[in-house]
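Trainee: If you read the sequence shown in our numbering, its first letter stands for residue 1, the second for the next number, and so on.
Rather than coming from a laboratory, the hints here were simulated on the basis of the structure.
One thing to keep in mind: the hints can contain errors.
[What the hints assert, rightly or not] List of simulated lysine-lysine pairs, DSBU-like, C-alpha gap at most 35 Å:
#1 Lys493 with Lys561
#2 Lys264 with Lys459
#3 Lys574 with Lys625
#4 Lys561 with Lys601
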Amino acid sequence: MSKVKSITRLIYWLLPVSLSLLTVSAFLPSLQNGFVEWDDDLTFLENPHYRGLGWTQLYWMFTTFHTGHYQPLTWMTWGMDYLLWGLDPFGYHLTNLLLHAANAVVFYFLALRLLSLALRSTESRKDLALTASAGFAALLFALHPLRVESVAWATERRDVLSALFYLLTILCYLRAAALAADGRRRLSWLLASLLLYTMSLLSKASGITLPIVLVVLDVYPLRRIGSGAESRFGAANRWVWFEKIPFLLLALAAGSIAAAAQHKAGAMETLLDYGVAQRLAQVAFGLAFYLYKTILPLRLSPLYEIPSSFDPWDWPFLLSAAIVIAISLGLFFVRNRRPALLAGWICYIVVAAPVLGVLQSGPQFAADRYTYLSCLPWAMLASGAILFWWRRLNGHAGRMISVLAGGLAVAVALGVATWRQTQVWHDTERLWRYVLAVTEDSRFPSSIAHYNLARFLTKRDRLEEAVEHYRRSLGIEPARAIAHNNLGNLLAKLGHLDEAKNHLREATRILPHYAEAYNNLGNIAAIGGDFGDAILHYRRTLELNPALIDTRFNLALALTKEQRVEEAGEEFQKLVDAQPDFAAARYYLGNILLAQGQIEKGVEQLEEAVRLQPEFVAPHEVLGKILGLLGRRDEAIRHYEEALRILKTQKPEQPPS
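Please take these sequences and the hints and turn them into a complete structure.
Mentor: Pasting the structure below:
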């Protein structure tokens, strides 16, 4: 017997090591992935503020709502990554992976504790079946392909980091609950739990529903709250409810800050844009969808886009609602015989609630990353089923081996699927082409995937391909103004000016205050020589956004072409006032002043232009001519010689035509 206990104890400690190694192995391809142009660019490549852990960076981390999130601890881990790795994506992915492996280990100990409580067992370390079942729960969680998005996407560091503190919070809470007779130690564990919960919320606000989860755990498996009214709310249970107040206050604070961050980012949908019926349909669909994908993780996509014509009465949503209601009623009726099932179902709904669409933000109908915490109950229930059959088959060695082999086969299959899914995030093009391959023939084709791929192709000068994907994006979602604008720009570059104008006009029809589209219409008109029309569009652009320097410069040039010299001079003067180092604006302003007879002022502007931009040949030539006429021959010769030098030695910098 002692030998069996020794083996069990060895397995108890070997399992965490094995779990971490298996987890790292399944996600190993993520270490070869780069940053993708889907928030990674905004978070890392275009954002200098997080780079380091000095006071300036720390102040920014604790005060920013960048990309619509409040996540100072997550920013701190990225700051550390930058100090270690710079902008090498390998280090960022490595940290994500190590955090996920740590979560697998912590969840193993949490599963072991919960299974022990469910069975009222005090001999967990000596129970091989219990240890193996907890290990299976951790494997099911860690190796499932639904975890890939949170681990392989560098930006989703917040998922794995907040989950680590979340799981540790529950472990400490369970430890405190076990120390009812020792008030001082119990309080210490509760304080540790609160501290860890604070750290989870500072990593990401997704854990705001934890107080409700703790109440569910108090009912089962802790059994601190009974079924009768007196048992639930009597004097003996006052402390059980009172101890939730600090958790609740932290959750309310984090939820308020998260809502403010989303509102500031403009990501939150209003009820006018996204009605109650649609939100309820999304809630039902999400609950059924995540359960289905947990059981059958096929055709997973980084983006499940909300359809432009979303009918909440369509059959997939009605079927989802029927499934959710049926499961809820069924588990309620068997709650006395199988309390674990109802407890798991409630925890699943509660943890998923913040991301089910009641407070909709973003274009996604559902997301794999939303399952990182919410699907933990399914891993627990699966491990409970294995434990149930294992104990029921006690003495039937062959059948017990079959149960164990079946569990391992599931884990291996999930690991292989995860290995493949991880490679989807290798680079931007592979990511969006994969999304299109998965969603193109589905009920929810992705206009955003076509749009993002088109942007990527444009940056690589693959313009014809980009045009095709912009067209397909608009075929799915015709009301996307930015896609019309970008497509118009590309068509103009390719010489299709009439079609370009049509798309840009459509962009301004959809979004009447779209300054960039008006500016682009002005550019196309200028290319076609219609400077009058260009002036109208440029002026409209500046009404919407007076700070656009390039637009004001183009307006001034168009006014010059139309011989409206005085107006052009006013615009060039505004440019010089707003941006004193704008050499080209000073050159044109100088020419206009000379034409108006303001010789000294004109010369002053031209001399400032060459001071700011010494290789700018045009003002040297004009200065040579004017200074010669003024009798300042030495200065005129110097400017002519400088102009000749520039022309001989290099391609001169010329003003825009």
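Trainee: Against this structure, judge whether each hint is valid.
Mentor: Structure-based check of all given hints:
no.	hint	in the structure
1	Lys493 with Lys561	holds (22 Å)
2	Lys264 with Lys459	holds (29 Å)
3	Lys574 with Lys625	holds (27 Å)
4	Lys561 with Lys601	holds (22 Å)
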